[in-house]
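So the sequences go chain by chain: A and B.
The UniProt record's numbering puts the first residue of the first sequence at 1, with every later residue one more than the last.
The UniProt record's numbering puts the first residue of the second sequence at 1, with every later residue one more than the last.
Keep in mind the hints are simulated off the structure, nothing from the lab.
Hints may contain errors.
Computed, partial: chain A to chain B, Cβ under 8 Å [claimed, not checked]:
#1 Val-296
#2 Tyr-334
#3 Glu-335
#4 Ser-515
#5 Arg-516
#6 Val-533
#7 Phe-557
#8 Thr-561
#9 Glu-638
#10 Gln-639
#11 Leu-640
#12 Pro-657
#13 Val-661
#14 Ser-663
#15 Arg-677
Calculated pairs, DSS-like style, for lysine-lysine (alpha carbon to alpha carbon, straight line, at most 25 Å) [stated by the list, open to error]:
#16 Lys-650(A) with Lys-278(B)
#17 Lys-559(B) with Lys-650(A)
#18 Lys-583(A) with Lys-650(B)
Glycine residues also receive a C-beta, built at the ideal position from the N, C-alpha and C atoms.
There are 2 protein chains.
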Amino acid sequence: MITTCTPEPYCRVLSGVAGLGLPPVSVGDVSKRILVGRKLRSSQLGETLLPKRIALPVFASDALSSVAYAPDEVFIMLAVAGASTYVWSWKIGLAVAVVMLTVVASYRQTVHAYPSGGGDYEVATKNLGRTAGITVASALLVDYVLTVAVSISSAAQYAAGAYNPLVGHEATVAACAVVALTAANLRGVRESGAFFATPTYLFMVSIMGMCAYGLVRMFSGSLPDAESAHLEIDPAPGWEGPLSQVALMFLLARAFSSGCAALTGVEAISNGVPAFRKPKSQNAATTLLLLGLIAVTMMMSVIVLAKEMSIRYVDPHELDRLRTAAGDALPAGYEQHPVIAQIAAGVFDNFSPGFYFVLAVTGVILVLAANTAFNGFPVLGSILAHDGLAPRSLGSRGDRLAYSNGIVFLAAMSIALIVVFDAETTKLIQLYIVGVFVSFNLSQLGMIRHWTRALQGESDPSARRRMVRSRAINTFGLCLTAVVLVIVLVTKFLAGAWITILAMGFFFLVMKAISRHYARVETELAADEQDSVLPTRVHAVVLVSKLHKPTLRALAFAKATRPNVLEGICVSVDSERTNQLLKEWDERRLDVPLKVLYSPYREVVRPIVEYTQAIRKASPRGVVAVYIPEYVVGRWWEQLLHNQTALRLKGRLLFSPGVMVISVPFQLRSSAIALEREEREEGRVHAGDLRRGRVDTNGSTWRKDDE
Amino acid sequence: MITTCTPEPYCRVLSGVAGLGLPPVSVGDVSKRILVGRKLRSSQLGETLLPKRIALPVFASDALSSVAYAPDEVFIMLAVAGASTYVWSWKIGLAVAVVMLTVVASYRQTVHAYPSGGGDYEVATKNLGRTAGITVASALLVDYVLTVAVSISSAAQYAAGAYNPLVGHEATVAACAVVALTAANLRGVRESGAFFATPTYLFMVSIMGMCAYGLVRMFSGSLPDAESAHLEIDPAPGWEGPLSQVALMFLLARAFSSGCAALTGVEAISNGVPAFRKPKSQNAATTLLLLGLIAVTMMMSVIVLAKEMSIRYVDPHELDRLRTAAGDALPAGYEQHPVIAQIAAGVFDNFSPGFYFVLAVTGVILVLAANTAFNGFPVLGSILAHDGLAPRSLGSRGDRLAYSNGIVFLAAMSIALIVVFDAETTKLIQLYIVGVFVSFNLSQLGMIRHWTRALQGESDPSARRRMVRSRAINTFGLCLTAVVLVIVLVTKFLAGAWITILAMGFFFLVMKAISRHYARVETELAADEQDSVLPTRVHAVVLVSKLHKPTLRALAFAKATRPNVLEGICVSVDSERTNQLLKEWDERRLDVPLKVLYSPYREVVRPIVEYTQAIRKASPRGVVAVYIPEYVVGRWWEQLLHNQTALRLKGRLLFSPGVMVISVPFQLRSSAIALEREEREEGRVHAGDLRRGRVDTNGSTWRKDDE
């Protein structure tokens with residue numbers, strides 16, 4: 001017999017709580033509130049789907065923000081052999097654009113084939129098996145950390161560019177920004193469409209506007225040189241003199257692999273398909289294409305303009321390789337500004353608000369990109385939990401502890417990276433894209449196998465044709481991303497990628513261990529026929545310390561379950577009190593026997609455990625039910641004053657087979673405080689809700705929309 | 001109907017566990033073991049009573065050890081006005097001796113009147129009321145901290161005296177010693193008679209032997225001068241020139257109140273009467289008298305010898321007040337050794353092993369004195385818990401957490417004092433004796449009232465005569481200790497006693513608050529007539545996530561309790577898994593309906609809470625029984641992987657009235673590890689067991705001995 005029922009809409013329950021007005025707040029609560037701010041409520045929690053115009057900014061900030069640092073890294077790498085190699089810059093940009101568009105085309109296949117939002121992890125697991133899935137998951141976990149570190153470090157550089165006193169303190173600024181972001185996410189950031197749409201569209205408009213204006217000035221011949229155009233670049237030690245063919249190839253490969261940082265975040269849409277409006281896959285694919293085109297346009301425009309404005313850009317640690325045209329050393333205190341800042345300064349040489357506006361929105365979009373990692377991390381955690389690769393409790397919404405731990409872990413790791421690498425984007429980027437390309441490769445491989453399988457079961461010629469075409473796209477994508485992965489590994493392994501691979505290995509082993517543990521437990525727990533045998537009798541004992549309301553309630557509850565035997569037990573540590581209790585017990589004429597366990601050394605737990613074991617021994621097919629009256633109090637220090645012995649006893653009784661422990665709670669008046677605290681916690685907005693399609697975009701209405 | 005039963009002797013149960021051989025040990029366990037060492041077992045735990053010859057050293061180390069620093073403080077205070085005031089030293093010693101013997105006589109009355117071992121706290125509470133009792137308890141708590149700080153600081157000075165490289169690092173040495181003592185006590189120190197008897201008797205023998213030999217040499221005229229005898233002492237600033245009568249009085253009062261440090265620890269025996277052999281009170285009184293006589297003899301001998309050997313002793317921070325007889329400054333690097341060290345060096349001028357032996361046993365006895373605080377603290381805690389002034393769980397033996405917290409708290413406070421006062425006994429002593437004399441005074445006052453009350457109900461003339469005599473002794477004691485308390489307050493308030501009073505006030509307020517809280521709860525919980533009303537029906541729900549052994553066991557247990565309604569509930573966060581579960585449920589032909597709660601946002605806790613509330617609403621006189629299958633695992637990280645949702649749910653359901661939560665544990669194989677860990681913990685020896693009469697003295701046999 002199976003029945004189903006749906007709980008009432010949550011919003012009604014929650015608004016009832018909100019109606020109570022300002023609740024009393026405990027001390028611990030106040031101090032926490034000062035730390036993380038007032039918490040947001042998810043009273044309008046509902047399932048609302050995103051139109052394309054909103055979905056684009058929600059998922060694009062990570063991918064688009066890389067235009068703020070990827071071109072810089074290309075120029076830095078090329079500058080190793082002096083400014084002469086800058087002629088290659090737009091060709092490298094073109095190569096990155098080709099890879100980008102190929103990857104976009106590949107993911108368009110993925111969103112059609114896997115509209116459930118599992119992304120690369122799902123593709124790899126379903127088609128290549130669990131090990132491949134775990135590898136992708138490790139890569140993604142590492143990448144979330146690096147997204148935060150790289151984006152925030154880059155944002156700190158822009159901040160220093162706009163406000164000179166921050167120069168030299170980028171690491172501190174970046175660490176503080178991560179802390180602020182962590183606090184905001186612990187507190188519960190309301191992600192809404194507007195939250196992403198405004199800054200992302202502003203960023204697109206300002207960068208594309210700047211580039212368009214710059215290109216107009218270029219063609220009209222009025223494009224000024226960049227502030228660094230008058231400088232010469234000394235080649236790095238070992239790169240002096242004419243380059244050999246091999247050395248040039250290596251240099252270009254390094255520059256190209258740094259430029260590939262522009263590809264990070266492209267995969268985000270494939271994880272967010274369920275949040276799109278119908279037709280989900282179609283809309284997601286369109287948005288993905290749009291994202292790719294915008295990203296490529298922005299990147300190419302920036303590189304071309306930088307080249308045309310004769311920007312000179314070197315590793316910020318090797319500023320001494322810059323010289324004036326006359327061959328003199330640089331003036332003391334020379335600041336090298338990011339490429340976009342130099343372009344903006346040049347293009348808007350007669351309109352300084354434009355310059356500051358470009359820098360401001362770039363900084364904002366970088367912070368937003370970092371925030372996507374904070375949102376994506378718990379989402380990935382819940383998917384992994386669902387598959388038994390992470391603690392299962394992460395799988396259900398609202399496990400505050402696990403969820404907060406995840407956010408704090410992400411923040412701690414990225415702050416560690418920022419501090420160790422002194423917030424230098426150039427160094428962090430060496431660690432960055434390995435993970436992305438590992439998952440690109442496995443995902444493409446999985447897709448190829450997916451189409452091959454699908455072809456086996458498909459006879460409709462037009463469907464087959466589509467599948468063959470999709471497989472061709474993914475095959476091309478695999479070839480290209482495999483080449484890029486090899487280039488990245490060769491050029492970056494010693495420069496830092498080994499750290500990423502080590503970290504991936506660590507996550508891989510942890511997930512393997514968790515998965516093995518769950519599998520072992522499952523085997524141990526598998527039910528067989530004899531497991532349904534009923535216990536022959538129930539021997540109920542009610543713990544009695546005093547004869548007060550909680551005890552009487554526990555007795556009444558125990559009686560209501562009509563056990564075969566029911567008795568009160570009392571551990572005597574003080575004969576005077578015990579006699580008093582026995583007298584009251586008699587006076588009340590409770591028709592339940594009270595057994596006294598003498599405990600000469602004032603132990604409480606052990607006599608009870610031994611007593612239950614003795615009962616169980618006398619009747620091994622029976623079950624012992626231990627009723628514990630429990631006080632429910634509201635303040636943390638009250639908790640210290642009550643229930644400690646009950647807690648210890650409960651923990652100890654867990655080890656006795658055939659014993660069940662029944663908590664009969666008694667709510668003291670102060671418990672109202674804790675109840676309200678609990679309900680406030682439950683009603684929180686969680687980071688990542690939006691991209692799981694769970695928070696509405698306008699914050700006032702909500703509706704359900706199923707596939 | 002009342003039945004009683006006594007659990008089997010514990011030692012049998014424990015030896016069964018020990019028989020399992022070397023158990024597997026978790027990582028956390030290993031790291032803790034490295035920190036605090038292998039734990040001791042209390043397998044021979046039994047009630048064994050102490051003969052006088054063992055009881056004396058067990059309770060005397062604190063009181064006797066003060067001879068190691070009290071004379072020094074007297075000389076330091078007198079030296080403020082130069083060496084000429086040293087003529088007063090033996091008169092001050094005599095005054096301290098009079099107070100000491102008076103206090104001893106008073107406590108002999110207490111041990112007869114209150115043989116239960118409650119000591120000053122019990123006397124004050126019973127005769128003067130709760131507030132007086134709490135005041136005494138605060139004083140005792142503060143004194144335990146100071147006993148550790150003063151004894152260990154003094155021990156560090158002796159260590160520096162014996163081994164010069166330690167000079168200047170006394171605070172570090174002392175802090176390390178406290179840490180070592182804490183570790184030993186956390187690990188469980190086996191207190192046995194021998195543990196105390198050997199060093200304490202060695203100390204008595206060596207100090208009394210040294211003094212006797214010194215006095216013999218004095219009378220034979222061969223007593224050499226002390227190493228500092230050739231020095232002159234400049235009076236402290238402001239004390240130059242001839243002293244006024246008032247100034248002299250103040251000086252002597254200060255020296256006297258410092259000398260009264262010798263009285264600390266005298267009250268220990270009054271807390272330990274239950275540990276004595278019968279006749280308990282008589283034996284305790286005799287031991288107390290013996291203790292007083294030995295302490296007075298040792299102190300007077302030391303003072304007289306020091307005076308005769310012309311010791312010059314100033315505050316170690318004012319060594320520049322010492323000059324050679326020629327008026328020159330001291331040679332650089334002059335070390336001022338403690339009084340006993342100087343005497344030993346002089347008396348044993350031709351026998352250096354004697355010198356080192358005296359220093360060594362003095363150091364050991366000081367550490368032992370500090371250890372008594374670690375033993376007394378939990379004992380006091382359990383008495384206070386019993387009276388509702390401390391968390392109740394402290395009252396039962398074996399609350400490891402509370403017990404360890406107490407020891408760590410004591411250690412942290414005393415280390416703080418040691419660091420702040422740089423391990424200078426002279427400064428710490430200013431804080432010390434306020435607390436002791438506060439409890440002396442309240443205790444004497446209580447005793448007077450006790451005898452007055454007793455006289456009202458007594459008609460036997462000889463008994464009345466004894467009581468009147470006792471009251472006279474306590475009255476004299478009160479007068480004397482009141483005068484001393486005033487002197488101490490006047491001379492030491494600004495020098496540090498205010499800190500003690502502040503700390504006492506803090507403890508007082510905390511205990512008051514705890515007591516108020518318990519009283520409030522008691523009122524709230526008081527049972528009335530309608531509390532015994534039985535619930536009309538039991539609606540049982542069993543939480544089902546999968547159909548495995550734990551679920552089947554929970555279902556079987558739930559069925560055995562024969563509720564009015566029984567159903568499984570399952571929160572559906574994944575329709576595929578839910579369908580799978582429903583299918584299995586049908587296949588198994590379980591005759592229990594399975595209800596599915598849909599949770600569109602993957603929340604687990606809330607739908608269940610709301611469902612139980614709905615049941616309760618439909619039948620407000622009924623009770624809802626929620627059965628939760630629980631996994632019992634053995635390793636900490638396994639705990640993270642399981643039960644998190646169950647834990648959260650249980651916490652949340654506590655707030656729902658009329659809901660009882662039943663944990664049905666399922667022991668996985670790894671739970672054996674945790675069970676053994678639990679049992680090892682339970683079998684530990686606890687500090688303070690000996691002075692509660694709970695550990696036998698020879699460690700092999702045990703027997704019971706009731707009053």
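Subject >> Violated hints, by number in ascending order, as checked against the structure >> reply: 1, 2, 3, 4, 5, 10, 15, 16, 18
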